[in-house]
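Here the protein sequences come in this chain order: A and B.
The working numbering runs 841 ahead of the 1-based position in the first sequence.
The working numbering runs 841 ahead of the 1-based position in the second sequence.
Don't read these hints as lab results, they were simulated from the structure.
Any given hint might turn out to be false.
Copies of the same chain look alike in the list, so a pair counts if it works inside one copy or between any two.
Below 30 Å or equal to it, Euclidean Cα-Cα: the simulated DSSO-like pairs (lysine-lysine) are [stated by the list, open to error]: (1) K942 with K952; (2) K1028 with K952; (3) K843 with K951; (4) K942 with K904; (5) K951 with K911; (6) K843 with K904; (7) K1024 with K942; (8) K1028 with K924; (9) K850 with K951; (10) K952 with K887; (11) K911 with K942; (12) K850 with K952; (13) K911 with K1024; (14) K1024 with K924.
Just so you know, these numbers come straight off a predicted model, no measurement behind them.
Number of protein chains: 2
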Amino acid sequence: MKTVIPYKKTCAKSRLSPVLSQEEREEFVELMLNQVIDILLEAGIKTIDILSPSIYGLENMSKANVLLDKSDLNEALNRYLEKAEEPVLIVMADLPLLSPKHVKEITSTKKDICIVPGKGGGTNALFINNPSNYRVRYYGSSFLTHCSIVVDSGQNFEIYDSFFAGIDIDEPEDLVELLIHGKGPAKDYINRRFNLEVSRGRVGLIPL
Amino acid sequence: MKTVIPYKKTCAKSRLSPVLSQEEREEFVELMLNQVIDILLEAGIKTIDILSPSIYGLENMSKANVLLDKSDLNEALNRYLEKAEEPVLIVMADLPLLSPKHVKEITSTKKDICIVPGKGGGTNALFINNPSNYRVRYYGSSFLTHCSIVVDSGQNFEIYDSFFAGIDIDEPEDLVELLIHGKGPAKDYINRRFNLEVSRGRVGLIPL
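Only chain A is shown next, with the shape it has when bound in the complex:
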């Protein structure tokens, strides 16, 4: 079994631009990537590949292999799956609330595929037992798409139901979840910049 993390540091996380500068966003995604890698290592994952269109920010990466592929995310991942000769876990790099327990449970599914839903129709992680028999299609409502692809290929799947694994950090409101539920360097980074804004409704952010 091996894991692949798609990653791009250049101009990362544009939807966080209302609250973080480009330099901050690039620092922050690097912290999140490293935190995800540490979680995977702690869960006992031996082979971790980072799939990136550029070496930028990965020059000194020693904890994982760096694979460069300039193609679109889906094309690059599908090429990776095609060549894989063992089960593959695809994990997004922006899941700072992921834990080793999640990783162990996701990868021990009894089904062909385990799909971890993210907010707004996304797919935060995908565990694929037979990668030569599966293709991904991220963006848009990828959760529904990934479910359909399983069914169309005659396989079965489990939906992994986790609040914490379901939180990917794309928008300012997601930083609230990180501040409330997170720990580690990614949380510390945001904690140095924002306070929680508590009102009657959902909690918001206030810059420090």
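Place chain B on chain A using the hints.
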């Protein structure tokens, strides 16, 4: 063990007003309430109390007991807990993705309290083994508050980690989760009014 659902139909869900009229919001919360009650019944819960400041919308309720209390949510719930002589499950009425499996797991916690986090720092459900020894404080970052109250009272707690139980319907974006992951009358109601708007980022809503 018994369950209490705080509920208010009058002018419900004001944060959904950009996409649903007051009449629609009132119809919709009633559908969600009924769906939550059905899930609880399916999970084998025998006593279900609805705690409401008004009888409005509950005139013909036959599946659950209606308790009227005009006080503020926290005051009414704490009075309820004070009088309870058995474990209490507090469930919000706006959780249409809750399942009987969730309810069974939450209520079989080995800890004194089981806390189900909601989006933006909320508390979607609370299972309290010794209600005379616990008080609630909803609104704001109630998840963190409810964790502190457990610790301060010398009890222990479990955090119930569920994507689906974690989705409470307060804002237009939450309707997207209902359309993608939901089923039943609450989903059907929204499905008759909106389509998913699929772009590269998170999925949005388009009125039909």
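Now the hints, each set against the structure:
no.	hint	result
1	K942 with K952	both (18 Å within a copy, 19 Å between copies)
2	K1028 with K952	between (33 Å within a copy, 27 Å between copies)
3	K843 with K951	within (17 Å within a copy, 35 Å between copies)
4	K942 with K904	within (20 Å within a copy, 39 Å between copies)
5	K951 with K911	neither (34 Å within a copy, 50 Å between copies)
6	K843 with K904	within (14 Å within a copy, 50 Å between copies)
7	K1024 with K942	both (15 Å within a copy, 29 Å between copies)
8	K1028 with K924	neither (36 Å within a copy, 40 Å between copies)
9	K850 with K951	neither (34 Å within a copy, 43 Å between copies)
10	K952 with K887	within (22 Å within a copy, 34 Å between copies)
11	K911 with K942	neither (33 Å within a copy, 44 Å between copies)
12	K850 with K952	neither (33 Å within a copy, 42 Å between copies)
13	K911 with K1024	neither (33 Å within a copy, 40 Å between copies)
14	K1024 with K924	neither (36 Å within a copy, 38 Å between copies)
The structure fails hints 5, 8, 9, 11, 12, 13 and 14 (numbered hints given earlier, in ascending order).
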